[in-house]
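Protein chains: 2
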Amino acid sequence: MPTVTKKDLIDRIADQTGQKRVVVKSTVQKFLDEVILELGKGNRLEFRDFGVFELRERQPRVAQNPKTLEPVEVPAKKVVKFKVGRRMQQSLDDDESTDDAKAQVERIRVRRPS
Amino acid sequence: MPTVTKKDLIDRIADQTGQKRVVVKSTVQKFLDEVILELGKGNRLEFRDFGVFELRERQPRVAQNPKTLEPVEVPAKKVVKFKVGRRMQQSLDDDESTDDAKAQVERIRVRRPS
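Quick note, the sequences are listed as chains C and U, same order.
If you count by our numbering, then the first sequence holds residues 14 to 127, one letter each, in order.
If you count by our numbering, then the second sequence holds residues 14 to 127, one letter each, in order.
Hint data in this document are derived by calculation from the structure and do not stem from the laboratory.
Fair warning: there could be bad hints in the mix.
Repeated chains share a single entry, so a pair holds when one copy, or any two copies, can fit it.
[Stated by the list, open to error] Okay, derived cross-link-like pairs now, DSS-like style, lysine-lysine, Cα gap no bigger than 25 Å in a straight line:
1) Lys54 / Lys20
2) Lys43 / Lys91
3) Lys43 / Lys20
4) Lys19 / Lys96
Starting from the given sequences, assemble the full structure and let the hints guide the process.
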């Protein structure tokens with residue numbers, strides 16, 4: 014899968030807008046830094062059409078060492094969750110070759126029969 | 014959890030850099046649009062320190078309707094996966110009050126004993 018970097022996008026935006034690369038770079042970097050900063054404060058970021066970033070804290074818990082069966086304290090952990098926004102999902106779905114199949118098939122969430 | 018929007022960050026970046034709001038807004042919007050575009054093409058985006066966006070395709074599969082036990086075709090689905098970059102994870106971990114406990118406790122991934 015080809016990888017696109019920050020630099021690729023900065024170059025492209027500079028070309029499209031006629032802004033100086035260094036200005037675009039600074040804006041993009043500040044934007045990404047602010048996302049990190051806000052998540053660090055425990056805030057949620059919602060970018061309309063794009064998606065939502067939020068921090069989930071996995072609770073600490075006592076688990077069991079499967080070999081010794083001793084209780085093991087598993088500490089809390091911070092995890093970033095990204096949820097795709099509506100426009101992005103639509104845009105991805107539009108590219109999908111399986112659209113027709115999708116429309117015809119009813120989705121059913123399958124649980125184990127109890 | 015307080016929510017921060019695109020507008021909040023655009024205002025902040027404009028204040029910090031002295032750039033016009035409309036210019037910052039255009040750059041940020043183009044940046045987010047490019048991410049959507051590239052994911053749509055099936056490309057992976059890697060922003061150093063920040064994280065990686067990539068598309069995963071959930072394979073189509075045949076499941077079972079739990080009530081009727083009929084086979085049900087579940088179509089492929091495109092899903093965006095975000096993986097946090099090193100610096101962001103470090104920055105989040107630095108804020109963590111449980112750092113000391115974390116360092117002392119060995120993490121063990123617990124599986125069900127077979």
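Structure-based check of all given hints:
1. Lys54 / Lys20: For Lys54 and Lys20, only the inter-copy Cα distance (18 Å) is at most 25 Å; the intra-copy one is 27 Å.
2. Lys43 / Lys91: within (23 Å within a copy, 30 Å between copies)
3. Lys43 / Lys20: Both: 14 Å inside a chain and 14 Å across chains, each within 25 Å.
4. Lys19 / Lys96: both (21 Å within a copy, 15 Å between copies)
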